[in-house]
Amino acid sequence: MKPLRYLFLLALIFVPAPLHAALHHEIKIALTPEKGRIEVTDTITLPEADPQLSFLLHAGLAPTSPTPGIKLTRKKKPSKSMVGLDPEGSGLQIPIEEYRVTLPAGERRLILKYQGAIDHPKEGGEAYGRSFDETPGALSPEGVFLASASLWYPWFNNDLITFTVDARMPKGWELISQGKRMKHLQKESGAEIRWESREPQEEIYLVGGPATEYRHPAGGVEALAFLRKPDPALAEKYLGVTGQYIDLYQQLIGPYPYKKFALVENFWETGYGMPSFTLLGSQVIRLPFILHSSYPHEILHNWWGNGVYVDFPTGNWSEGLTAYLADHLISEQRGGGPQARRASLQKYADYVAEATDFPLTAFRGRHSAATEAVGYGKTLMFFHMLRQQLGDALFIKSLQAFYRENRFKRAGFADLQRAFSAVAGRDLQAEFDQWVTRPGAPVVQLSETTVKQEEEKYLLTATLEQTQAGPAYQLRVPVAVTVAGRDAAYQMTVEMKSKERTFTLSLPARPLRIDVDPEFDLFRRLDRNEIPAALSLAFGAEKGLILLPAAESADSKELLDGYRQLAEEWKKTQSMALEIKLDSEVATLPSDRAVWLFGWNNRFKINMVGALADYHLEIGGVQPKEGAGLQETVLKVNNVTIPIPNHSLVFTTRHPDNPARSLTWITTDRAAALPGLARKLPHYGPYSYLAFEGDEPTNVVKGQWPVRDSPMTRLLLNEKGEKGTPATVERGKLAARHALAELPATFSDARMMEEIRFLSAEGLQGRGFGTPALDRAADYLATKFREAGLQPGGEEGSYFQRWKERGGEPEGEATLKNVIGVLPGRKPEWAGQSIVVGAHYDHLGQGWPDVRQENRGKIHPGADDNASGVAVLLELARSLAKEGPPERTVIFVAFSGEEAGRRGSKYFVAHSKDFPLEKMIGMLNLDTVGRLGANKLIVFGTGSAEEWVHLFNGAGFVTGVPIQPAPKDLGASDQVSFAEAGVPAIQLHSGPNVDYHRPSDTADKIDREGLIKVASVLKEATVYLTSRPGPLTSLLPQRRLGEAPPVPGRKVSLGTLPDFGYQGEGVQLEGVIAGSPADQAGLRKGDRIVRIGTTQIHDLRALSELLKTLHPGDRISLLFIRDGKEQTAEAVVKER
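Read left to right, the sequence shown gives residues 0 to 1135 (numbering that gives the first Met the number 0).
Keep in mind the hints are simulated off the structure, nothing from the lab. Remember, predicted model here, so these are calculated numbers, not experimental data.
SDA-like, lysine to any residue: derived pairs with alpha carbons at most 25 angstroms apart:
id, residue 1, residue 2
1, K1084, L1056
2, K228, G953
3, K881, M752
4, K912, R785
5, K1124, P1057
6, K1084, G1123
7, K857, Q845
8, K1004, V993
Please work from the sequences and hints to get the whole structure.
The following block contains the structure:
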């Protein structure tokens, strides 16, 4: 986001004769923060002699000139001029004065001296959901912010300038400006800092205040961080990411245009990008997702907007191009390119009406959701379509040519068109005209489709139509056809140059389904049924009605008052015309506006429940009916479970009587959370449902409804003349796409796979209890720890912690080994404190102790369970060790004996004198993490500390990995040993699969990309724990270090695959094993077992305990819930 800009506005009201080269300022400035005053001497060198000049300056500075022969007169009394965040902004005012300068003939140099106060209060910014307070200029003991909008230096015209700034300020202050720092002295008398910009600039910034500086080289560029309080861990994160993205963009676009890039922490909340630095508020900097979202966006602005400047009168292209090469590129790197484009198109559909649309040539800056949807979103899609048309290679060459030809110049869409046309070797004027100068968007529809068989081929004929007003757009429409007997879809591009286009495809097999623009590659106005209902539809409405719950007045006046205050706040700040009423004042819900229902006890709640019926809304595990109480503690919708107490819930869907309008329900039991919801919800436009926890409130669940009936998808007739259904005709796989550019890899999937293959190889015989093969695995891991740079953490200077146990088949005594490596912390005040990262390396050998009868005597490789966890642990160890000592000690432990009842972790906890339990901040366990695929990464045990769920939601934001927190811990792996000892502990898990504890758990089934994702999340969590100021807020009961009595293992199998993310009543199924008792009983994915016989099944632990009491051949009766209704079945359990 660009900061306050005065330049364009002043150019409109004050245009002297143009200068043909850069004017130069040599400024000496003294800052007196406690008085808000500046004292300036500015030596100005003109590019050419001019006998008369005029300039603007902040009022009250009383400039004088010691230059002989100079005549300086004030032209008029102080006046005010509107100043905004961008050339179309408004709202801020400063007093200005205009001066005329008369110079002697041929004189090109003059000196101005002036002094006075510049300290304007901060005022509220944009109201539509991305607002920060703003000020045109501030100087106080908190810090300094001066820009062109401050008029702190003489403003002659809108031409580019060069400058040097010599500044004096209080001791301990840091001052940042563009260019290169030439002097940096901290004396007893104060700080002296000099900045020099030889690169032509649009304006001169001075920002800073009391701060601690951090620096790091980044490929020929100096990476800097200025933080208001010392925080080396935070600084290290930003410095590392700075180097990564500068390297990425230098390779993609061209050389970075400056000598440095600095992160500067501001003294109020901002999100500004200036040439060679970014100015972010204290809260913004610490948001977990900023590092890989807004921060690279601001880095990229040094190429687009602050390297090549925008010719604003012809349209602002830089925000959309920056969004495409930063925000969209990051989504693309994570495999979410289609989702990012759909979100952009949905904003356009929800926020932009015909009356608020405009061409890209009219975009100056963002000041509403509609201007963002056009100026950012349409421009982003325009560049995406250019890329699709030219191909990646020519697209990149075009960007590089445009940058090379226009660096430190002002450029517009015409310059872009010339550069792209020259590289492409053809005139792209028509392409630019239809997207840049024409407002609106095409509306594309799939109308007729027919299928005809001719001998061994099938002919699919389809018709596309453009239904928007005005002439046709020249479109290249992607089409995908799913055919019988082939996994991959047939893909092609249909040229569409008129309002209607009929085409015929010859296919080798029967076509089952056709999808038009399946990955949202076209800029177009989406049909409502292509996109989920989302808050953007509600906030984008022209009119809205908020219905407050009259029933709350009797139960909780505090809640009703809170709802009313939220409504009144939105009435002031949102662009829609809002009406506020009690639900008792309305007989029926109007269908001509967005409707908002507030409160659990809203009388129209049943309307919302009915509207959400397709998403299987359940409260407390029972399908709600009219009049049902809402005192239950769990709500489930769209297969997502949400606790009710201490939570605020938001659901939106289409109005039942008008799908073009929205119906939204907001409810909470925390009146204190409502001000936060008022502030936060406009930021959550893309989402259909949300849950927030506590008074802050903190987002813990978010999601979108599935799209079921897209008009751009057509299911085709089969040979019987029948249509398939979406459940039976899934879209064929689309061709894999690669991101336009990739960040350097932090982790190596090849190295992790090599380690998994070694550990699961036949030569290690399944790493069974007490076997020589298990010892060889331990020796291998000790070598890997040493190579990674970890210090030995075992006995007598070794990596081993040894002890004896009885077990195995036949039973005998064996020596087991935990393998321990230590990365010592560097903070002396945190000596003795530690984080444990663990993974068990043993498995079942030839089956003991959990063999299924048919697999007895066969090698169980254990690639997923748990060679995958060990490989990720090793990769994290290498990564952290390479970065130098962490602030707090990290202990890496490869546990033995987990399959025999967590024996290795129990022994470690009971004999941890070198690593005191009371000083363990937390434990992170990796168990079975190798089969992630498209699953969410499950985090068991988030209920052991308050911070876990927020930590991992943050890690999910940063890494782009979907996270499923599971507060309940199933008690199945080594983290439980630590939780039992009072240490908050979690387990990362990639989800159930049919190869668990079977000989088929082999290395070839491991998801390589998933390993990278798990490692990324693990690193985020580990780094957070190493630098967290204090311990986690434990929610565990009193420590219990005694040995738990042995529990007999299960003798039988039911064949269910549980949904580990489900936290409600019963056991929800992710699936069943083919041919198993559960399969034969008719159970399937989505069913929820609630009772077996007379035993209530509250959770997975209860199911497991019951199965331990059964014998092969026992017949059981099951009560389960399917689609909200109770059903029964019988099964005969079989031997494991």
